[in-house]
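Participant: Sequence:
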Amino acid sequence: MVVGTVLTTALALAALPGLAGSRAPSAIEPVPAVAFHSLSVPASSTSSALSIAGLDDGYISAGIVHELAPFIEPGQAPASGPTRRPRVGQPEPGSHSSRKPPKYTLKGEATFYDNGTTAMRLPRGTIVIVCGGGGCIERVVNDYGPQKPSRIIDLYRPDFFEICGCPSWSGVVDVTVYVY
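With the working numbering as the guide, the letters of the sequence shown map in order to residues 2 to 181.
Don't take each hint at face value.
Straight-line distance between alpha carbons at most 20 angstroms, and here's what the computed DMTMM-like set of lysine to aspartate or glutamate pairs gives [claimed, not checked]: (1) 149 - 110; (2) 108 - 30; (3) 101 - 139; (4) 108 - 58; (5) 104 - 139; (6) 108 - 163; (7) 149 - 175; (8) 149 - 115.
These aren't lab readings, by the way, just hints derived from the structure by calculation.
The task is simple: from the sequences and hints, build the whole structure.
Facilitator: Following this line, the structure appears as structure tokens:
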């Protein structure tokens, strides 16, 4: 008898979830198109629009930008700055020279180019003094060159004409370069 009651209870509990609400899933139905129509609310059409007065001065910042305030103000013209490179007065080398002796001296041709640099086949940062028929200038090598093997230095155009002492149609001049 006890076994029959236990067996009946076990079968009833095992069958309960299936009987208590298990069913096949329903198909997904599309949302009706009427749900996307605009809805007119009559209360909003009958009310008057609210007008809000401007803020009082207590809410205005000290650094407020007004609608007509200029963002760019004309500046003053800068004081005239340097218009050319500084000229270094170098004495000609000799036994009584005040300049220290160079590591070595090169003689050859120089020309110009418009890169604004001094080009030699020396490491960048090497100090050189270039002397020609028109004088001497001290420069720091900051470019590698020249491309043509017969030349020893390429100079910035104003530097070239400063040392060459030649007319503007000249392109190559003999120079002496002192390497420090």
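Participant: Indicate, hint by hint, whether the structure satisfies it.
Facilitator: Hints, verified against the model:
no.	hint	in the structure
1	149 - 110	holds, 10 angstroms
2	108 - 30	violated, 96 angstroms
3	101 - 139	holds, 13 angstroms
4	108 - 58	violated, 79 angstroms
5	104 - 139	holds, 15 angstroms
6	108 - 163	holds, 18 angstroms
7	149 - 175	holds, 15 angstroms
8	149 - 115	holds, 16 angstroms
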